[in-house]
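J.: The chain contents come next:
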Amino acid sequence: MSEQTIGQPPAGDKPVAPPEGKNSNNELFRKITQGPGLVSVLGVFVALVIGGLLVAVTDKKVIETAGYVFARPSDFFTQLWRAGTESYVALFNGSIYNSAQGFSPFLETLTVSTPLICAGLGVALAFRAGMFNIGAQGQIIIGATMAGYVGFAWHLPLVLHLLLVVLFGLLGGALWGGLVGLLKARTGAHEVILTIMFNYVALYLLDFLMNTTAFRRPGETNPISPILDANATFPVLTGSRLHLGFVMAILLTVLVAWMLKRSTLGFEFRAVGHNPEAARTAGVNVARTTILAMAFAGALAGAAGVAQVAGTEKVLTVGVAGSLGFDAITVALLGRSTPWGTFFAGLLFGAFRAGAVNMQISTGTPIDIVLVVQSLIVLFIAAPPLVKSIFGMNPKKRVRKTETIKAGAK
Amino acid sequence: MTTTTSAALQPSISLLPSKKTPIVLSVIALITLISFGFLGSSQAANFSLSTNTDAFKIPDLVFPGMATNIVFGVLLLAVAGYSWWLRSKGRTLPTYAVVLCAVLFVLGFLIWVVSGANINSISLASLLAGAVVLAVPLVFGSLSGVLCERAGVVNIAIEGQLLGGAFTAAIVASITKNAFAGLIAAGIAGALVSLVLALFAIKYLVNQIIVGVVLNVLVSGITGFLFTTVMQEDPELFNSPAHLPVIAIPGLSAIPVLGPILFKQSVIGYLMYLAVFLVWFGLFKTRWGLRVRAVGEHPKAADTLGIKVNATRFWNVTLGGIIAGIGGSFFTLVAIDSFTKEISGGRGFIALAAVIFGRWNPIGAFAAALLFGFADNLQVILTIIGTPVPSQFMAMMPYLVTIFAVAGLVGRSRGPAAAGEPYVKE
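Chains as they are written, first to last, in the working numbering: chain A, 58 to 467; chain B, 160 to 585.
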């Protein structure tokens with residue numbers, strides 16, 4: 058009940074009746090080895106291997122040595138291994154630890170993770186309420202726009218200014234998300250289509266605003282806003298780009314976890330997510346819940362916009378959301394829509410993002426490989442039977458094998 | 160007592176038709192009358208219909224901006240009033256009247272924009288011809304969406320199919336120096352994306368929307384990666400695709416306005432018309448189509464009658480992928496010289512919008528794609544002639560129209576009943 062598994066087959070992963078003569082020890086062993094935890098780890102592993110292979114087969118030296126692979130196979134395999142692994146080593150060096158900088162790359166990972174976690178929570182919360190929030194991108198944009206405007210156009214005292222920036226950012230996201238919820242609740246329109254369309258509307262709206270005198274920096278021909286007031290930005294940890302927004306991300310994770318587990322509203326979200334008809338029968342106002350769920354989801358994505366504009370970038374541009382909104386979907390999927398799962402998935406993808414910069418510089422591997430690995434991870438995790446069959450863990454097949462052995466013995 | 164209670168409990172239920180159509184009509188009538196008419200420019204708007212290469216000339220259409228829109232506004236107000244009156248009688252306006260109003264509104268908008276611009280003249284012929292060119296990938300993408308959704312599989316991966324097709328067409332047409340080889344390869348690439356969608360959605364029962372969204376990211380990542388590591392290493396060899404020529408049919412292509420649209424296209428452009436017809440004919444006039452639609456609406460009933468539900472879905476998704484892949488090749492084999500990252504630029508999502516706006520019908524999707532292509536091209540032309548409307552709002556148009564469409568403000572659009580639901584045989 059509490060662990061809704063988005064993306065997992067509802068019926069395909071049915072526990073297969075254990076073959077006769079199974080004792081409980083074996084049962085326990087299978088639970089550990091084939092539970093979602095191990096499958097997730099294996100899924101990540103397979104995705105990394107495929108990504109590594111993709112890097113390797115396009116590597117010049119690998120192609121060169123492949124020309125005489127039968128004459129000197131060792132050259133080929135050495136190069137294959139080097140090309141496949143050196144990108145990941147660079148990725149690790151750029152995101153967690155390297156001998157020159159110590160653990161300071163990890164602070165960069167935390168910085169990059171902050172908006173991913175916030176927006177991922179927004180997607181996850183909507184998932185739990187039974188909705189696909191593809192619109193994190195638009196919600197981030199509107200959140201960042203409102204937060205940014207308050208940040209550079211108003212001039213207020215310390216603390217108060219930052220609080221208002223955060224508030225307006227959340228409000229902007231909530232507005233954009235809530236509008237989708239309202240349309241869905243009132244007209245029955247599908248939220249996937251609505252959110253995709255709202256993303257584009259938000260993007261063009263920001264593009265328009267950035268070309269007005271209210272938003273564009275004076276004396277600047279490029280669409281870039283004035284720098285946010287010092288009072289309006291998150292305090293930064295000296296020697297890094299890490300800002301207080303990361304603490305906000307942690308607090309939001311705690312808040313969403315509390316909300317889903319302990320609050321009435323969270324219970325209503327989950328009830329509607331599981332079965333809207335049953336929830337309606339039980340007295341839940343489904344329309345109100347839908348609107349609120351999308352508004353909260355939007356607010357969380359708006360927080361990601363705040364983290365970008367008031368933390369990392371300190372300035373509003375058309376590209377403020379980057380591809381965060383779409384990365385957030387993969388973050389929420391990898392985190393299986395649980396708040397803390399999303400938090401750690403956000404950290405993992407943040408590490409990919411942070412490390413990819415270093416990887417591109419030191420090995421020349423394009424950042425796009427991160428997209429490949431990221432999407433493969435989500436695909437594999439969404440389809441446990443596929444991962445199981447790759448590693449020969451498919452229970453059905455094993456049963457069949459033992460049966461044939463038995464048949465052969467007879 | 161009982162009557163009052165039930166009336167209090169159900170206050171909103173009335174037997175009259177929805178107020179939506181009269182309200183929308185009234186709003187657009189007022190906009191036309193006030194914004195376009197009274198507040199519009201009094202200068203004339205000039206629309207040229209013929210080009211120099213045409214067989215015979217049609218005189219330019221000239222509309223005085225303010226006066227025309229006041230007339231249009233009054234006409235629209237009259238229709239809106241009529242629809243309020245019809246509603247009070249429990250009837251609704253016929254569809255053709257609504258369409259006519261929409262056309263009047265768009266025309267009024269055009270006249271308003273052109274008469275208020277720096278240059279008060281545009282070529283309607285090139286506006287329409289350009290609209291069709293921009294619509295080609297949208298049409299192919301939306302046909303893919305229609306085929307998949309009619310069989311009960313939601314296809315969010317159109318964007319990925321277009322992008323995959325564009326990339327593969329570019330690389331194959333560059334290496335083989337043959338544009339047709341690129342065209343075929345693009346179809347195969349689209350089918351490959353579809354196969355992954357089908358594998359995960361049908362075999363592993365993963366949520367179709369998730370697979371679609373993730374596939375878009377995956378294709379974007381792979382093509383971006385290979386673009387940097389392979390294509391940019393040797394653009395001469397890998398990224399200078401042979402192009403498909405534009406074939407003008409002698410005589411027919413010189414007909415004003417219609418000639419360039421129908422008879423002066425690339426092979427892909429002609430294929431587009433053929434594909435729209437074939438998909439429409441197939442879905443609605445053949446036994447195969449009836450089965451596909453049955454699978455999309457009520458898979459259990461279809462299964463009971465002996466139709467192989469998952470096989471039908473699998474083949475439809477594959478076919479959709481081939482079509483979208485070919486549409487993607489339009490970018491690199493006709494429209495643009497070479498492949499660049501994210502060359503499809505979100506058009507897969509507009510194609511998805513066209514599927515819905517066209518109510519899951521190939522002809523409707525075709526019309527919707529043309530409309531979106533028109534809005535896209537209009538934005539380009541309006542930027543050139545310098546209008547009061549910011550180009551960003553023009554660019555927003557397809558998305559806003561789709562939001563209105565799915566929210567049921569412009570008629571109800573309802574998809575196949577079983578779209579998005581995996582089918583598991585009991």
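Treat the hints as calculated values from the structure; they're not laboratory data.
All figures in this text were calculated on a predicted structure; none of them were measured in a lab.
Backbone N, C-alpha and C define an ideal beta-carbon position, used for all residues, glycine too.
Be careful, since some hints might not be right.
What the hints assert, rightly or not - Mimicking SDA-like on lysine to any residue, the simulated pairs with C-alpha atoms at most 20 Å apart in a straight line are:
no. : chain 1 : residue 1 : chain 2 : residue 2
1   : B       : LYS500    : A       : HIS331
2   : B       : LYS178    : B       : PRO223
3   : B       : LYS467    : B       : GLY545
4   : B       : LYS178    : A       : SER380
5   : B       : LYS362    : A       : PHE448
6   : B       : LYS362    : A       : GLN417
7   : A       : LYS118    : A       : VAL103
8   : A       : LYS117    : B       : ALA578
9   : A       : LYS117    : B       : GLU585
10  : B       : LYS178    : B       : SER194
11  : B       : LYS178    : A       : LEU443
12  : A       : LYS118    : B       : HIS402
13  : B       : LYS500    : A       : GLN417
14  : B       : LYS178    : B       : GLY289
15  : B       : LYS444    : B       : ILE522
16  : B       : LYS459    : B       : ASN469
17  : B       : LYS179    : A       : ILE418
18  : B       : LYS500    : A       : GLY379
19  : B       : LYS444    : B       : VAL426
20  : B       : LYS362    : A       : ALA242
21  : B       : LYS500    : B       : GLY240
22  : A       : LYS117    : B       : PRO394
23  : A       : LYS117    : B       : GLN391
24  : A       : LYS117    : B       : LEU252
25  : B       : LYS179    : B       : ALA566
26  : A       : LYS117    : B       : LYS467
27  : B       : LYS500    : A       : ALA242
28  : B       : LYS179    : A       : ALA242
29  : B       : LYS467    : B       : GLU392
30  : A       : LYS117    : A       : LEU312
31  : B       : LYS179    : A       : THR244
32  : B       : LYS500    : A       : GLY245
33  : B       : LYS178    : A       : PHE448
Said to hold, decoys possible - Covered stretches of chain B, as calculated for chain A (at least 3 residues, CB under 8 Å):
no. : stretch
34  : 362-369
35  : 530-537
36  : 544-553
J.: Of the hints given before, which are not true for this structure?
T.: 1, 2, 3, 4, 6, 7, 8, 9, 10, 11, 12, 14, 17, 19, 20, 21, 24, 26, 27, 29, 30, 32, 33, 35
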